[in-house]
Structure formats: C-alpha cells, structure tokens
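Asker: Protein chains in written order, with the numbering used here: chain A, 269 to 512; chain B, 107 to 404.
Read the hints as simulated data drawn from the structure, not as lab findings.
What you were told as hints is all true, and nothing was included just to trick you.
Rough simulated footprint, nothing fancy, chain B against chain A, three-plus residues with beta-carbon under 8 Å: (1) 352-365; (2) 372-380.
Keeping only pairs whose Cα atoms sit at most 20 Å apart, straight-line, the calculated SDA-like set for lysine to any residue is: (3) A:K373 to B:L301; (4) A:K442 to A:T469; (5) B:K205 to A:G283; (6) A:K373 to B:V295; (7) A:K380 to B:I272; (8) B:K400 to A:G404; (9) A:K442 to A:R452; (10) B:K196 to A:Y282; (11) A:K380 to B:C274; (12) A:K380 to A:E397; (13) B:K196 to B:L146; (14) B:K205 to B:R143; (15) B:K400 to A:E405; (16) A:K442 to A:L465.
Bear in mind the structure is a predicted one, so any value in this text is a computation, not a measurement.
By construction, the Cβ of each residue, glycine as well, lies at the ideal position given by its N, Cα and C atoms.
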Amino acid sequence: MDFAIQTRQLTVAYGAEPALWSVDVDIPLLGMTGIIGPNGAGKSTLLKAILGTVPTLSGRVELGAGDSSHGSSEIGYVPQRTGVDWDFPTSVLDLVMMGTYGRLKWFQRPGKNERAASMEALRQVQMDEFANRQIGELSVGQQKRVFIARAFVQQASIYLMDEPFAGVDAKTEKMLVEILHRLRDQGNTIVMVHHDLTTVTRYFDHVVLLNRTLVACGSTSEVFTSENIERAYGVPCKPTLDSP
Amino acid sequence: MMWDGLFTDYTARVVIAGSAMIGAVSGALGCFAYLRRQSLIGDVVSHASLLGIVLAFWIGYLVSGEGNKSLWILVPGAIAAGVGSLLLTKLITGRTRIKEDAGLGLMLAVFFGTGMMLLRWLQRSRPPIPGRAGLEDYLFGMAAAITQDDLWMIALLAVVSFAALILCWSRLKILTFDPVYMAGIGLPVRRLEALMLCLLVVGIVIGLQIVGVVLTVALLIAPASAARQWTRHLGPMVTLGAAIGSISAASGALVSATFDHLPTGPCIVVILNAVFVVSLLFAPRRGLLYRRKKRFVN
Chain A
269 MDFAIQTRQL TVAYGAEPAL WSVDVDIPLL GMTGIIGPNG AGKSTLLKAI
319 LGTVPTLSGR VELGAGDSSH GSSEIGYVPQ RTGVDWDFPT SVLDLVMMGT
369 YGRLKWFQRP GKNERAASME ALRQVQMDEF ANRQIGELSV GQQKRVFIAR
419 AFVQQASIYL MDEPFAGVDA KTEKMLVEIL HRLRDQGNTI VMVHHDLTTV
469 TRYFDHVVLL NRTLVACGST SEVFTSENIE RAYGVPCKPT LDSP
Chain B
107 MMWDGLFTDY TARVVIAGSA MIGAVSGALG CFAYLRRQSL IGDVVSHASL
157 LGIVLAFWIG YLVSGEGNKS LWILVPGAIA AGVGSLLLTK LITGRTRIKE
207 DAGLGLMLAV FFGTGMMLLR WLQRSRPPIP GRAGLEDYLF GMAAAITQDD
257 LWMIALLAVV SFAALILCWS RLKILTFDPV YMAGIGLPVR RLEALMLCLL
307 VVGIVIGLQI VGVVLTVALL IAPASAARQW TRHLGPMVTL GAAIGSISAA
357 SGALVSATFD HLPTGPCIVV ILNAVFVVSL LFAPRRGLLY RRKKRFVN
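Just chain A, with the same shape it has in the complex (with noise of 0.2 Å):
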C-alpha cells in the first residue's frame, strides 16, 4: 500500500510535557483519515507536526514525495477557526487566493488566473455567491467552507484539516461531508481532526485513534473497535457502527 504520510518516532513537546510521544503513523495515499481521540491527545499537534509548523524534538515525518520540515505548499492546509480576526478588512474572495500565494514569488501579486481558481474553489463549496463579502458578515459554517476553499486553491493533492466540523450545524456538516468525499473520489488525501464518534464510520476510510501515543492506526472497520476506543479515551465506550 502507498502512503501519503508517515511518521516515525514522532515525538513534540511544549515545555516539559510531551504532547506526542514516539508516534508511528502511517496514513494511506486517497481515502479519508479521522484522528480521534480525547482533548489535549495531541490531535492538532500530529497535524502541525506533519506541516512542520511546531518543532519536533525527535523523530521524523515523511510526505509521499520527501519530508517536510518547513510546510508545504503541496499540503492544504484547514486550522480551527480560533486564532483569525475576523473583522481583518478583506473579502471571502481576497482570503481564498490567499491559498494561492505560496505559489506567488515574493513579489508577485495574485492575478487573472489566481482570481479564477479562487471563484471556482468558492463555487465547489457553494460560497461563490458571498465573493465580495467581507469575511466578518459570515456564519461559522460559511467560514469553515471559506477556509476549505482556501485550501482548494492550493491544488494540493493531501489536505489537513483541524476539526472542520466543530461549530457547524448539521445541514452544513452534512454538505461539507459530500464536498471532502467528492474531493477524495477525484483521487486526493483527507486527514481530519475530528471529535464525534457517532460519525466516524460513516465518514472516514481510516482512522488514527491516539492519546499522546499511538493507540490504533488503520481502515476503520479493523481498528475502531470498542477496545480500541476505551484504551483511548480510558473510559468504556461502546462506539456506533451505523451503516454507511
């Protein structure tokens, strides 16, 4: 089986507290992955250790093609929303050729083609509509679908995705479902953050089950199994295995 992403050894810490410790990781190239696990497992930190955006004190993480260790433009890349002023004078437009601008040179400005590949990403989440609103006017699940346009843009082929989901009513997550299965159809990598586990085997073809360490990884009918989940979350809890 290929992968598109492998860690070995993974270790981050902030401070004195390890937030991930030896992580060995392999996610497989097309599907969709979950990570799943308790608050503070190291979920979020697994995805920026994969960017390259936080310092891992050893251990490495291989990408498909090479390593990463400064981010990657090949990488689309989704944040929780937390952390984006929300009033930034811009428009839903501007903040999605933002996903082109790793492509720019330094002292390129987005052009013709930019704005183009920008609309049309809008119009694959049906955000097209709200081009020139300014970002603040949005609902939190017009933002989530403004980002993952973002990440569009990228023409990446692997997107991280922190918990798209959260905040976000059940008609929107239930859109945004059909958008990231269309998007792993068309042959592309999804690895997402997420925290419900009534949904999980209805949405992801793999799952990563962690707590600081490594407790599963692999197709989610082998590995999302009751066991699996109480050595994760350290309580029973028996998981919802909903027919797809």
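Position chain B relative to chain A; hints supplied.
Answerer: Chain B in isolation, oriented as in the chain A frame:
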C-alpha cells in the same frame, strides 16, 4: 498675510513637506500595528528610542567634539534602541514566565527612564555641550527643527518603507491575517516577521521629530483606527491611513508654526483625534450614528 508668508517661506516648506512625509509613513505602517493588535508596541518603541537618541547624540559629541542633532545621527540610534527594546522583550518573555505585556511595560520604563536620566545629565553637564539645546524637544516634537538635511533622511525612510510595503504586499498581508496558515503553506514566517518589526520601528521612529516620544503612538494608531472605519479592504485602508496621517501631520505642523508657544506634537494629535472622532461617529456601516440609525429603523 501670515499664511502667505508660510507657504513661500523656504523653512516652512521644508517643515510641511517633512511632516507630510512622516505622517504618510506612520499612517500607512500604523495600519499593520493596528491589525496585528500591537498598538502598544508603538508606545514602547517610541519611549525606548529616547535612549537611542540621547546616546547617539552623546556618541556623536564624543567623536566629533560637537553636538549634532541631525536625523542622520539620531535616527539610527532611535531605530537601534527601538529594535533592541523589542528583542529584549522577546528574550525576557521567552526565557522567563514574565508575560508579554509585563515585559513590554518593563522595557518601556527601563529604556525611557535611562534615556531621561541621560538627557538631563547631558543638558546640565559642565562645560555645556554645544548644540545640546533642543534635544528635549524630542519629548513632545518640534517640526520647526526639521532641516533640509533631515528632509533627505525622512525621504529615504519613506521610500524604503513604501517600497517594502508595495513589493512584499501579499506576504505582509497574509502574515498579518493568518501567520499559522502562512507557515503551513511553506512561506518564511520568521523572515517576514523580522521585516514587519523593522518596518514598524521605522514607522514609529520617523514620527519622533514631529510628535515626540510621548505622543508618537497617536500618529501610528489614530490614522489606522480612523481609516478602518471607512473601508473594508486592506489596500484602501493603508492608503487612507497614509493620507490621514500625512494631512494631519502637515496641518498640525502648520498650526504650530503659525502660533507661538504651540508644540507641534500636541497640535498634530488634536487634529488626528478630531479626524478619528468624526470617523467613529459618521462612517458608513461602522460609524456609531449609522449603527444607531440602523437599530432604530429595524
């Protein structure tokens, strides 16, 4: 009559041109400080730069035997002290448990206190240092002291900062909006961050001549706050910030030069405040009156 004289008078033209350029640079760069929520850095850097100014003057005197208040000597000192105060803050907050606001507060006090001490000492030292009179004007600004020579220094800083803004526009924009994402797509955040801090220090230090150490933060932040009210895009905001800064600084310098005993800095700040209040009240969408009316209609 008086005003006619001012516009034709050579010195007055130098002063007004200098103030206009300073206001434009501060106003434009201030937008980034405002959007990055680093307004207080303006206050810290400007206060800290007093030490740089006094030291640069003193070193100049020790080297040449004569006190020289040319901006070519004082500005590098001010920039060094400004950058130094920020680096020290970073060092302290990185190595200890002291939080950033406390670190900044400490640096402001240490640099400004030492600067004031040296300033008083230089002013009273015997035998008197030639050229030391007027050094205290850096506390509240003295546009009238701008010379032809200074004008070139101001022009150089203006050209460098606007060139950097225009050339690195996209990167500075994404750095200001979303540095985490910027790192994620493989852009060099640290280098850009260094460029941004240098630009901010230039934007602050350039204002010292006309508004002075104590009020420079107003020239940095007030144009940005006012401009933000009128526009929803970064480009127009920076342009408008530059225009507001430029016009306010030039008119403040003019008022201060026209009437006796009016220090330049406070004049400029009063004008800036007027522009800010008008923007706060009357701007469409974001203005207080607009919002009140909208609520009333709804």
